[in-house]
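Visitor: Each chain, letter by letter, is given below.
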Amino acid sequence: MGMTSSANPAFALSRRDAVKALLADRKDALVVTGLGSASYDVHAAGDRDDNYYLWGAMGAAALVGLGLAQAQPKRTVLVVTGDGEQLMAFGSLATIAVAKARNLVIVVIDNGHFGETGMQTSHTGRGLNFADVAASCGFAHTATLTRIEEVKDLARGLGGAAEGPSLFVIKVAAEIPPRSLPPRDAVFIKNRFRTSLDLAPT
Amino acid sequence: MSKADVVRSAPDPESAPVPGGQWPRAIYDILKAFDVRHMSYVPDAGHSTLIKLLNADPEVTSNVLTTEEEGVAIAAGAWLGGQRSVLLMQSSGVGNCINMLSLPVIARFPLLMLVTMRGEWSEFNPWQVPMGRATQPALEAIGVRVMRADAASDLIATVESAATLAYGADQQIAVLIGQRLLGKKKW
Numbered sequence: 001m002g003m004t005s006s007a008n009p010a011f012a013l014s015r016r017d018a019v020k021a022l023l024a025d026r027k028d029a030l031v032v033t034g035l036g037s038a039s040y041d042v043h044a045a046g047d048r049d050d051n052y053y054l055w056g057a058m059g060a061a062a063l064v065g066l067g068l069a070q071a072q073p074k075r076t077v078l079v080v081t082g083d084g085e086q087l088m089a090f091g092s093l094a095t096i097a098v099a100k101a102r103n104l105v106i107v108v109i110d111n112g113h114f115g116e117t118g119m120q121t122s123h124t125g126r127g128l129n130f131a132d133v134a135a136s137c138g139f140a141h142t143a144t145l146t147r148i149e150e151v152k153d154l155a156r157g158l159g160g161a162a163e164g165p166s167l168f169v170i171k172v173a174a175e176i177p178p179r180s181l182p183p184r185d186a187v188f189i190k191n192r193f194r195t196s197l198d199l200a201p202t
Numbered sequence: 001m002s003k004a005d006v007v008r009s010a011p012d013p014e015s016a017p018v019p020g021g022q023w024p025r026a027i028y029d030i031l032k033a034f035d036v037r038h039m040s041y042v043p044d045a046g047h048s049t050l051i052k053l054l055n056a057d058p059e060v061t062s063n064v065l066t067t068e069e070e071g072v073a074i075a076a077g078a079w080l081g082g083q084r085s086v087l088l089m090q091s092s093g094v095g096n097c098i099n100m101l102s103l104p105v106i107a108r109f110p111l112l113m114l115v116t117m118r119g120e121w122s123e124f125n126p127w128q129v130p131m132g133r134a135t136q137p138a139l140e141a142i143g144v145r146v147m148r149a150d151a152a153s154d155l156i157a158t159v160e161s162a163a164t165l166a167y168g169a170d171q172q173i174a175v176l177i178g179q180r181l182l183g184k185k186k187w
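Chains as they are written, first to last, in my numbering: chain A, 1 to 202; chain B, 1 to 187.
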């Protein structure tokens, strides 16, 4: 297990650069974002109707992704969330692993901190590695990425033959880029997303 | 609408009695009629027959959860992708769900929770009592509408009505299935 220090200078990757590279060629992947910085990062990479942004319900992101992946088995569902958000849904990795959602990819943007609340060191900043946890749960693919080239390789593979679920950790610097705020009207975001799938709002 | 129309369209428990042991099958039939193809559960003895029926149905995707709030988020995701979902749990699990219920409440996702009650009627285990008492007020405090049934005959009409409100009117509904209906747990 890769024990890592929150002060490790090896994690110099900018979260904005990483998420932008991740989404550069997402094809028809549907994207769900965890509350806080992950939502801002995805919004900064370009607002789209097939992005579903969470502004609350901490711990929901991977599970919204699971339900969506099960309802849309032909689409890749990409969850982009932070280490703090995923920590609140630790058990979700067990639920997702046994559900064997082949088309679900979870990407944890891991800065080792609770960035929204004062940059307190999180569990991953104290050594826990989500890729190892997901592998233990039975995820089909897991890896920890630290370089932009690795993120670009991951992005190129998105939408390929799915054997998931997959979980990738992208280690990023603990920084707070300028906020890029998605719409916060939850009904609007829901209906915009459904409309992009040719589903009626109700 | 004439009085006769009202009588014909209203659920009439007397005309369609559901024997105590058969309500899970009747709920299953209602869920099928509403085209529910997705479900999540934390098991409860009171739900065991319904869980079995849904798990055995190849048209239904089932998720076993580690904790009940997972199912609230999963149901929202399923609806984003065009599927109706149902969530089964015991009353103790309602306490686990509260913050996650922000999601369906604020985003107006259809939500149908079927909750088997503990801690109220002929309860043997004192540890079930606090959450049993808190179940309805906690749900109502976060903005979920509560409907309740204490007799099998009433349960069917209640679930049907709740499913219409949830899937037709985008409401967040919990049906509490009374412990009196479920019977005393055997030790």
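Honestly, the hints are just simulated from the structure, not real lab data.
Just so you know, these numbers come straight off a predicted model, no measurement behind them.
Backbone N, C-alpha and C fix where the C-beta goes; we use that ideal spot for every residue, glycine too.
A couple of the hints might just be wrong.
Calculated lysine-lysine pairs in the BS3-like style (CA-CA distance at most 30 Å, straight line) [stated by the list, open to error]:
1) A:LYS20 x B:LYS52
2) B:LYS52 x A:LYS74
3) B:LYS32 x A:LYS27
4) B:LYS32 x A:LYS100
Here are some chain A residues the structure puts well away from chain B; computed CB gaps all over 10 Å [what the hints assert, rightly or not]:
5) ALA29
6) HIS43
7) ALA89
8) LEU128
9) ALA135
10) THR144
11) ARG147
12) PRO177
13) THR202
Visitor: Each hint should be assessed against the structure and marked as holding or not.
Guide: Evaluated hints:
no. : hint               : verdict
1   : A:LYS20 x B:LYS52  : violated, 45 Å
2   : B:LYS52 x A:LYS74  : holds, 27 Å
3   : B:LYS32 x A:LYS27  : violated, 35 Å
4   : B:LYS32 x A:LYS100 : holds, 24 Å
5   : ALA29              : holds, 13 Å
6   : HIS43              : holds, 17 Å
7   : ALA89              : violated, 7 Å
8   : LEU128             : holds, 18 Å
9   : ALA135             : holds, 18 Å
10  : THR144             : holds, 24 Å
11  : ARG147             : holds, 31 Å
12  : PRO177             : holds, 26 Å
13  : THR202             : violated, 6 Å
Going through the hint list in order, the structure does not satisfy hints 1, 3, 7, 13.
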